[in-house]
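A.B. asks: Now for the letters of each chain:
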Amino acid sequence: MADEITLIACHDCDLLHRVRPLPKNAKARCNRCGAVLYRNVNETVDRSLACALTGLILLVIANLSPFLSLESQGSVLETTLITGAMELAKQSMAGVAVLVLLTSMLVPGILLMALVYVLLPLKRGICLPKSHRMFRLALLLRPWSMTEVFFLGILVSVVKLSKMATILPGTALFSFLCLVLLLAAVNTFLEPKTVWERMRP
Amino acid sequence: MTAALVPKPRTAKQAGLFNCHACNLLVGPAPSTSQGVVRCPRCGERLHLRKPNCIQRTWALVIAALIFYVPANVLPVTLTTYVGSTQTDTIMSGVMYFMQTGSWGIALIIFVASIVVPLAKLIILCGLLVSIRRRSHWRPSERTRLYRITELIGRWSMLDVFVVTVLVALVRLGYLTTIEAGPGVVYFAAVVIITMFAAMTFDPRLIWDAMENEDERIDE
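Same order as they appear, the protein sequences are chains X and B. Just so we're aligned: 1 in numbering that gives the first Met the number 0 is position 2 of the first sequence, and the numbers increase by one with no gaps anywhere. Just so we're aligned: 123 in numbering that gives the first Met the number 0 is position 124 of the second sequence, and the numbers increase by one with no gaps anywhere.
It is possible that some hints are incorrect.
[What the hints assert, rightly or not] So the derived list for chain X, only partly shown, Cβ under 8 Å to chain B, looks like this:
| hint | residue |
| --- | --- |
| 1 | V97 |
| 2 | L98 |
| 3 | L101 |
| 4 | M163 |
| 5 | W195 |
[Claimed, not checked] Below, computed lysine to any residue pairings styled on SDA-like, alpha-carbon distance capped at 20 Å:
| hint | chain 1 | residue 1 | chain 2 | residue 2 |
| --- | --- | --- | --- | --- |
| 6 | X | K26 | B | M98 |
| 7 | X | K162 | B | T176 |
| 8 | X | K26 | X | G169 |
| 9 | X | K26 | B | K50 |
| 10 | X | K192 | X | V35 |
| 11 | X | K23 | X | N186 |
| 12 | X | K192 | X | P20 |
| 13 | X | K162 | B | L175 |
| 14 | X | K162 | B | M98 |
| 15 | X | K162 | B | N23 |
| 16 | X | K26 | X | E196 |
| 17 | X | K89 | B | N72 |
| 18 | B | K50 | B | N23 |
| 19 | X | K162 | B | M95 |
| 20 | B | K50 | X | H10 |
| 21 | X | K129 | B | T176 |
| 22 | X | K129 | B | S92 |
| 23 | X | K162 | B | D88 |
| 24 | X | K162 | B | P40 |
| 25 | X | K192 | B | G27 |
What the hints contain is simulated information worked out from the structure, not anything from laboratory work. Given the structure is predicted, the values throughout are model-derived calculations rather than measurements. Cβ atoms here follow ideal geometry from the backbone N, Cα and C, with glycine treated the same way.
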């Protein structure tokens, strides 16, 4: 077993490599296909945890505050982040509504909560029950969290409507933008290999 | 920097080691449990030498996505009603609208995200599947890189679904103009989801397997 711990296989081409310690902020790439095998991220647990906690707070703010309001012919229409999904559900598009809610809100929320559940105790060397399953879930959910795509969608639709009405941004828009940036930061700071090794079996 | 290479055997499969999909732990030849399921001792994920039935599953998902791609582009994604008259818009007519109003950047973003990306993804996956079938030796690292790109860009196709969601939220019933989501959105969302699953089911290690063992069956 001692032999296997020091080996790593490339997830894209299966080539075996010996694990060597890396200098700070360096990446080890596969010799054959160039995939990133592992990285040495400085303070990966602390940094990812900080971003995940902030992200959760921003997600709550984004859902409680006004998002965009549309001013046209003297009347003002206010919306929240979930108005779009609600309207889709009313127009018998429940499937699409659920998909939008999942990818823009629920998946990022569950992902961040799972990360906090794993990383917060891990800071003190504690591994809560089901931590391994939670971390696996967080990694599995990563591609389904699409807040940055949603944000681009907001920008495109605002440009589209700007010719016919005045659109006023609300607090939720700014907190959502910060959430997008924080989720990107979590992806940069989180090095799964380090976290797996620090979690006790 | 590149990691140190290990002399023969060169791949985990040749050494009889399972590479855990979830946590990348190398697990030695473990005794399988009564149900024939081998699980990772660290994270509990099911272990396979290669993703199971990868070729068949990926083909099935690619073909399903290609079928949905047609209604996604032909059917309207938005129905705009202005003082009684209704205008339907497909994804392409949305792109044309931005071009005509001079927003070239946005027209390009939507065109690439909604039309080019899903089609390119499907073509790349088909090409990779055919190349494995033909045991191609042609540029394996470039083919692996193509796969990594398809995995990364797929999510951006959701752009149009989100645009419709925000439009529907902002332009609601009771005002002079209303926007409703059209049936195209459903098919479009289906294309995005199915192509994402197709990319996840595909196992790029088969590109390399096909070059190594000439007489062995590829699909594990």
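A.B. asks: Against this structure, judge whether each hint is valid.
C.D. replies: Each hint tested on the structure:
Look at X/V97: its Cβ only gets to about 10 Å from chain B, farther than 8 Å, so that hint breaks. For X/L98, the interface hint holds, since its Cβ comes within 8 Å of a Cβ in chain B; the closest pair sits about 5 Å apart. Interface hint status for X/L101: violated, as the beta-carbon distance to the closest one in chain B is roughly 10 Å, over 8 Å. Annotation: X/M163 was flagged as interfacial toward chain B, and the flag holds, the nearest CB pair being 7 Å apart, inside 8 Å.
Given the 8 Å rule on beta carbons, the hint for X/W195 holds: about 5 Å separates it from the nearest Cβ of chain B. For the proposed pair X/K26 and B/M98, the alpha carbon gap of about 42 Å is over 20 Å, so the pair is violated. With a C-alpha separation of about 13 Å, the suggested pairing of X/K162 with B/T176 holds against the 20 Å cut-off. Between X/K26 and X/G169 the alpha-carbon distance is near 40 Å, which puts this suggested pair outside the 20 Å criterion.
For the hint linking X/K26 to B/K50, the alpha-carbon distance of about 26 Å lies beyond 20 Å, and the restraint is violated. With a C-alpha separation of about 12 Å, the suggested pairing of X/K192 with X/V35 holds against the 20 Å cut-off. Pair hint X/K23 plus X/N186 holds up; C-alpha atoms about 17 Å apart against a cutoff of 20 Å. Restraint check for X/K192 and X/P20: satisfied, since their Cα atoms lie roughly 13 Å apart, inside the 20 Å limit.
Of the pairs offered as hints, the one joining X/K162 and B/L175 holds, with about 15 Å between alpha carbons and a cut-off of 20 Å not exceeded. A threshold of 20 Å between alpha carbons decides the hint, and for X/K162 with B/M98 the separation of about 14 Å falls inside it, so the pair holds. Among the hinted pairs, X/K162 with B/N23 is inconsistent with the structure: their alpha-carbon atoms are about 51 Å apart, more than 20 Å. Pair hint X/K26 plus X/E196 holds up; C-alpha atoms about 17 Å apart against a cutoff of 20 Å.
With a C-alpha separation of about 23 Å, the suggested pair X/K89 and B/N72 falls outside the 20 Å cut-off, and the hint is violated. Distance restraint check for B/K50 and B/N23: the Cα-Cα separation of roughly 14 Å lies within the 20 Å cut-off, and the hinted pair is therefore satisfied. Proximity of X/K162 to B/M95 is assessed by CA-CA distance (about 16 Å); at most 20 Å being required, the pair is judged to hold. Between B/K50 and X/H10 the CA atoms are separated by roughly 11 Å; this keeps the pair inside 20 Å, and the hint holds.
As the CA atoms of X/K129 and B/T176 are separated by approximately 51 Å, the hinted pair breaks the 20 Å bound. With a CA separation close to 49 Å, the supplied pair X/K129 and B/S92 exceeds the 20 Å bound. The straight-line distance between the Cα atoms of X/K162 and B/D88 is roughly 17 Å, inside the 20 Å bound, and the hint therefore holds. Simply put, X/K162 and B/P40 have alpha-carbon atoms about 59 Å apart, too far for the 20 Å limit, and the pair is violated.
Pair hint X/K192 plus B/G27 holds up; C-alpha atoms about 18 Å apart against a cutoff of 20 Å.
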